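Visitor: Given the coordinates of chain A, assemble chain B onto it according to the supplied hints.
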Amino acid sequence: MHVTHTFSIQGVRHAVQVDAQEEKGTLRVSVDGEQALDFTPPARNAVTGTWLLGPKVFRVAVARIGSRLELALNGQRFPLEPSTPAASQGSKSQPGTRPGIITAPMHGKLVELCVLPGDRVEPETVVAVLEAMKSRVGVRAGQAGVVKTVTHEPGEQVAVGDTLVELRTERSG
Amino acid sequence: MTHQQPARAPIKKLFIANRGEIAVRIARTCRHLGIHTVAGFTPPDAGANYLGWMDEAAPLGQDPRAYLDVRAIMDAALNSGADAIHPGYGFLSERPELAAACLEKGLIFVGPSPDVLRLLGDKCAARRLARDIGVPVVPGSFHSVADVSLLEEQGRKLGPPLLIKAAAGGGGVGMRQVHSPDLLPQALEQAAGEAVAAFGDGSLYLEKLLAPVRHVEVQVLGDRHGTVAALGERECSLQRRHQKLIEESPSPAVDQHLRQPLSRAALLLARAAGYQGAGTVEFLLTPDGRFHFLEVNARLQVEHPVTEARFGLDLVEWQIRVAAGEPLSPAVLETKPRGWAMEARIYAESPERGFMPSPGRIVHLELAGGPGIRVDSGVALGTVVPLDYDPILAKLVAWAPSRERCRKRLSQALSETVILGVASNAHYLRRILDEPSFVRGELDTKFLERLHDVGLPEQDLDPPERELILAAAAMGSVAPRRPLDGPPAPSLPVPRSAAPSAAGGPWELLNGLRVPE
Chain A
108 MHVTHTFSIQ GVRHAVQVDA QEEKGTLRVS VDGEQALDFT PPARNAVTGT WLLGPKVFRV
168 AVARIGSRLE LALNGQRFPL EPSTPAASQG SKSQPGTRPG IITAPMHGKL VELCVLPGDR
228 VEPETVVAVL EAMKSRVGVR AGQAGVVKTV THEPGEQVAV GDTLVELRTE RSG
Chain B
10 MTHQQPARAP IKKLFIANRG EIAVRIARTC RHLGIHTVAG FTPPDAGANY LGWMDEAAPL
70 GQDPRAYLDV RAIMDAALNS GADAIHPGYG FLSERPELAA ACLEKGLIFV GPSPDVLRLL
130 GDKCAARRLA RDIGVPVVPG SFHSVADVSL LEEQGRKLGP PLLIKAAAGG GGVGMRQVHS
190 PDLLPQALEQ AAGEAVAAFG DGSLYLEKLL APVRHVEVQV LGDRHGTVAA LGERECSLQR
250 RHQKLIEESP SPAVDQHLRQ PLSRAALLLA RAAGYQGAGT VEFLLTPDGR FHFLEVNARL
310 QVEHPVTEAR FGLDLVEWQI RVAAGEPLSP AVLETKPRGW AMEARIYAES PERGFMPSPG
370 RIVHLELAGG PGIRVDSGVA LGTVVPLDYD PILAKLVAWA PSRERCRKRL SQALSETVIL
430 GVASNAHYLR RILDEPSFVR GELDTKFLER LHDVGLPEQD LDPPERELIL AAAAMGSVAP
490 RRPLDGPPAP SLPVPRSAAP SAAGGPWELL NGLRVPE
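Chains A and B supply the protein sequences, listed in that same order.
In this text, residue positions in the first sequence follow the numbering used here: the first is 108, and each later residue adds one.
In this text, residue positions in the second sequence follow the numbering used here: the first is 10, and each later residue adds one.
Where hints are given, some of them may not hold.
Said to hold, decoys possible - Computed Cβ-Cβ distance ranges for the label pairs, DEER-style: (1) G363(B) to R275(A): 24 to 34 Å; (2) G245(A) to H152(B): 30 to 40 Å; (3) D471(B) to T270(A): 38 to 48 Å; (4) S115(A) to P53(B): 28 to 38 Å; (5) Q142(A) to P53(B): 47 to 57 Å; (6) G209(B) to T270(A): 25 to 35 Å; (7) Q195(B) to P149(A): 58 to 68 Å; (8) K455(B) to T270(A): 36 to 46 Å; (9) P148(B) to T258(A): 42 to 52 Å; (10) T258(A) to R347(B): 53 to 63 Å.
What the hints assert, rightly or not - Covered stretches of chain B, going by a simulated chain A footprint (3 or more residues, C-beta under 8 Å): (11) 360 to 367; (12) 371 to 385; (13) 395 to 402; (14) 418 to 426; (15) 473 to 484.
Hints are computed from structural coordinates only; laboratory data are not their basis.
Since we're looking at a predicted model, the values are computed, not measured.
Positions of the beta carbon are idealized from the N, C-alpha and C atoms, including for glycine.
With the rest of the complex left out, here is chain A (with noise of 0.2 Å):
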């Protein structure tokens, strides 16, 4: 009995499997098939919390927003992909990069929408303005076309993944 997941981290995949040692109270855990190691985790329902690998301690916290997964050890903050055994499978796209769709990449008002319906965009073109917390952050088109809607006015508030522009891309006609 045991679990396999797939995480990526600092954009590398690795694929865990964990097998609870039911006698030793212990979780033996091996990565991309590699030597297994023994952790003792905080208790049997606890992940936040010290872990123990033999004598040696881990501080671990690890929080669950929405369907993301936070994680900080010894203070170091790593930040995670969740890929389920399922979804592990010819998931290229990157999360947020959706064909001919422009979406906000953070919560906060739409200070400026840079472009128009009729437009012609690069990857690199800065089509609209958010602002949070006092900072202005720049929401570049990522792909190439032509836009074709705009679907917020400047002073909204906008979410984090909200479709700011759509395009009509080479793929998308």
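Guide: Structure of chain B alone, referenced to chain A:
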């Protein structure tokens, strides 16, 4: 300067026209002094943890920008029965309008008089004042103008590299660097446009762009009886987009021979301006060991705790005391600094994603402690960090007898700091502290730019850390959701047995999650 306020008026109730960590900072001192506090708050801050530090909280209306609204602040302050207003930093702290409104309504403004704020808020007027009393000034204009052709002429005389600044500016808005004379006209047009859009005033002035340069500032404190104290310097060269990240006192570049004229220049300026309260005189320090006046920040600075750590003073207490008419005591005037202090600002931003601001809910929080460590924070577990305001979450301040021990303490404190739910720059700050050039104290305002060009070394992830992270991630993916984690995420397949009410944990989950081989 004339003071229409009574010479001595004990403050019984203080209105805090600010939010977050600085509101907590001010409230802490008020508790010590037995002063009742009331903080105004906007809708995004309703129910915020920091308000729990106050005795009272007063809504400022429906507008999230009400911290910038003199009228909203004055109405709330007068309604609350407060006899004084502390503006903190940012927002209305340097606006003569609030200080003047206080004067008119008989409230004590914890800060300089409206006249002083007006004088020092006009950056060119402050430059003229410095020049006239013989304090070296960054070469450049002494009058701001909206006439681009006049500025072009000035710019040609000064020669590149130049810095264009908005007369009404601040925080880098409307600021532009010009490295070639050909690009000056275009840059002036753009800066004027930006300044009009941001401040409704297209007036600009020019400064010679000095580089490499250190940013060194002197803390001053003036009472209403003409006495001004200089409380050492702070080095604030570590900046990213005009936002300070790490500050320290003393400056590694200032020795006794430099400290004396630097402090004297700051005192001369403060006295000439008739300065009352806590303020900061900013200088640029060039490699030839000469300093050049930049501007005065007529308020409490974010980084004031490093001065407090070395001088053993509570600057907020002294702001309140001098505002109430008390003279500076020998305790302030004769205190001698000890050791070294450093501050790191923890922002809700993501260094991995181009320092993108990261509002959200804090779902896990561990803050540092121990000898020589001070944490000024306005957040707690569960705090929602709104997107409307400054991204500062907390300030970590370390004190130690020497710079190297101070640096290590701060680094250690940063490693103890864990924040999940919003991104933070804590680890990035730690990597800066560990940079060899930082260790050697070789700082200038381009330090972070250079670092980004080279790129901070990516820490290799080897066993057993790699194994542990992945195991914890795997367990975290299937572990029962704590209520704090927010609404359930439909995109993540959580087995039925993972519901919070389920008796089991990851163990049982693992058993229930047999993966066919």
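Visitor: It remains to establish, for every hint, whether it holds in the given structure.
Guide: For each hint, the structure was consulted:
| no. | hint | verdict |
| --- | --- | --- |
| 1 | G363(B) to R275(A): 24 to 34 Å | holds (28 Å) |
| 2 | G245(A) to H152(B): 30 to 40 Å | holds (34 Å) |
| 3 | D471(B) to T270(A): 38 to 48 Å | holds (41 Å) |
| 4 | S115(A) to P53(B): 28 to 38 Å | holds (34 Å) |
| 5 | Q142(A) to P53(B): 47 to 57 Å | holds (51 Å) |
| 6 | G209(B) to T270(A): 25 to 35 Å | holds (33 Å) |
| 7 | Q195(B) to P149(A): 58 to 68 Å | holds (60 Å) |
| 8 | K455(B) to T270(A): 36 to 46 Å | holds (38 Å) |
| 9 | P148(B) to T258(A): 42 to 52 Å | holds (49 Å) |
| 10 | T258(A) to R347(B): 53 to 63 Å | holds (59 Å) |
| 11 | 360 to 367 | holds (count 7) |
| 12 | 371 to 385 | holds (count 3) |
| 13 | 395 to 402 | holds (count 5) |
| 14 | 418 to 426 | holds (count 4) |
| 15 | 473 to 484 | holds (count 12) |
Checked against the numbered hints above, the structure breaks none of them.
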